[in-house]
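J.: Each protein sequence line maps, in turn, to chains A and Y.
So the first sequence is numbered by this note's numbering: it starts at 526 and just counts up by one.
So the second sequence is numbered by this note's numbering: it starts at 215 and just counts up by one.
Quick caveat, the hints were computed from the structure, so don't treat them as lab data.
We treat Cβ as the ideally placed atom computed from N, Cα and C, and that holds for glycine.
Keep in mind that a hint or two might mislead.
Claimed, not checked - A few chain A positions that, by computed beta-carbon distances, are all more than 10 angstroms from chain Y:
#  : residue
1  : 584
2  : 599
3  : 637
4  : 667
5  : 708
6  : 767
7  : 770
8  : 771
9  : 802
10 : 829
11 : 872
Stated by the list, open to error - Output of the computed footprint for chain A on chain Y, the stretches with three or more beta carbons under 8 angstroms from beta carbons of chain A:
#  : stretch
12 : 284-294
13 : 301-309
14 : 339-346
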Amino acid sequence: MSEPAENTPRRTDPRTFAVRAVSLLSQLVLPVLVGGFAILDDGDFDDVIAYFLPFILLVVGANILFAYLRWTKLTYTVGDADIRVESGVLSRAARSVPYERIQDVSLEQKPLPRLFGLVEVKFETGAGGGDDLKLAYLPESEGERLRELVRSRREGTAVVEADADEGDADSGARLLYAMSSKRVLTFGLFEFSLAVVAVVAGLAQQLDFLLPFEIWDWKAWREQLAGPGQWLAGLGFLAQIIGGIVAVSSLLLVGVLTGVVRTALREWGFRLERTDKGLRRRRGLVTRTDLVMPVHRVQALRIGTGMVRRLFGWHSLKLVSLASDSGSANHEAVPFAQMEEIAPVVAETGFDLPDGASDWHRSAPAYRIDGFLLGFMAMVALSIGLIVAGRAVFAILPVLFGGVWFGLHEYLRWRWDRHALDTRQLYTRHGWFAPSLAIASREKLQSVEIVRNPLARLRGYADLHFGLAGGRLRMRGLALDDASRIRDAVLESMARQDFSEVVDRQVPGA
Amino acid sequence: MDADDDLTPLDPAYKSMLRLQLAIAALVLMAAATIAEVAIPGWTGAVWIPALLVIAYALIRVPLRRYNARGYSLAQERLRVVRGVIFRADTVVPFGRVQHIDVGQGPLERAFGLATLTVHTAGTHNASVSLPGLRHADATAMREDIRAAIRRDTR
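Isolated chain A (complex conformation) (with noise of 0.2 angstroms):
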């Protein structure tokens, strides 16, 4: 590509164009083809034809013809100090962006502007809501160069023109974490979700019309076994349980291919790098996304598991700062490993994982017994409304079970939650059935506060609350003489750096 020079008004690639009007007609195509139906219906196809055609043609041509316009009309400019757009056909509209304000820029890539080799740029501001910057679409070394561009200058270093377009960004780049296609698929494994199977289960039940038999009706179970599975049908009550292992199989297989399925659109052929700005995300199959975290604004980190894939060694990896992903604070950083291959991550983002020494503190029993003892005199309330109501036989089951319940799930929070205090960091894990641990840096920490309600007056704890940027972390139930070692420790620390140090600028030594 012949490469204009700066501060020149450009106009985006010219297939971007191409891109449009392929969206176009397939956006037009099934309204004809619905429209072409009903008229079909109607008898009279040659009339129509000659009627309708040349309307349809019209309709179409206008569009691409103003699709043109509107590409011939949008211009960028990189200049020294902004980004400008300038836009619209009819009434033009000029927007510059200041490079200080740009938070990042990420590079999106939709399965058909892929196709081309098209790239859809976006300056995120940190605006709230959708209205950052967008062009759409660029080639794809276009789109690496802006980033690189807006990078430098933010830096406020000198720009490099990268004048051979093998020179990209990949060149400093270090590999830190990449699935392998069947990695991505023991995930999806792991990604099977209830909720998928309830839905379907529902519309199962409420689009079984569309069904050739009734998935709930053992009977019609029953005759579908009949050809082949005569001689299970003559068993009766078993050929019921066969029916309703196969429907219920059935629903999980499907919650197993959402799950599979879901999980490789999304993550298919993730790559973690690491970059002179920060670590570099690539993941996607049909939707390509390609994000950069610079490393100096992680806040904090969290490691989380599911209870089954916790059993396997499975954790996932999150760093909270305060540019969003897609709508969540957290970026998925590593989203399937075992802890060999996240600990490297923790260690490019500048925190430690906990080690051996860290001194570990539990919540203050008095909490969990007063939680347990909650609980526990909600369910005599239960049993007690049973007797009342004349059902004395169940009245011993909420009590029971309830107690049993809430006295296992608060001793084994009291074994498993902890939380702990370095020179540097602060850690919390949290959870039993499926332990997460965050990470925070002691400096990076906005506000402290210590929070009592009246029963932990009484008793003597107290919640810890930290303010983070992008996230939220809280201790319970302390000790109250340990809730104030803590606030007092990490306010200690919060005073040595300002505000702008800790999001912005690269802190030393962390």
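Put chain Y on the given structure of chain A with help from the hints.
T.: Leaving out everything else, chain Y in the frame of chain A:
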């Protein structure tokens, strides 16, 4: 908290302002009680008397308790706000974490010469911490203090 002794109490006018606020709410309650009283045949006082008791408590005790529960401190370049009668919260924001500062005055506050100081942080929790019941002059002075500290830090 335990180290409550070093906290600065709010301006005493805050008690009067709370009392006035509650009195306005009491009028509404009284009106509702009167309607109920009229609707119940005969003079029973079944609604009026409890309503009056609640109002008396609200006007005499509540402002005092709320006032006593609140306090602040600016020591060590930190804004500390303590509040809550039943649910106690003790929030600390170091000056270095303050994004921007508001000094606001509602109509009632203006009548009493009071103001609310609100500091905003980048945290998701406690994104804004407000401290009502300051003399307006004190609130602006505190704003200047915090702003000066921020400017010194960023330099």
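J.: Failing hints, ascending?
T.: none
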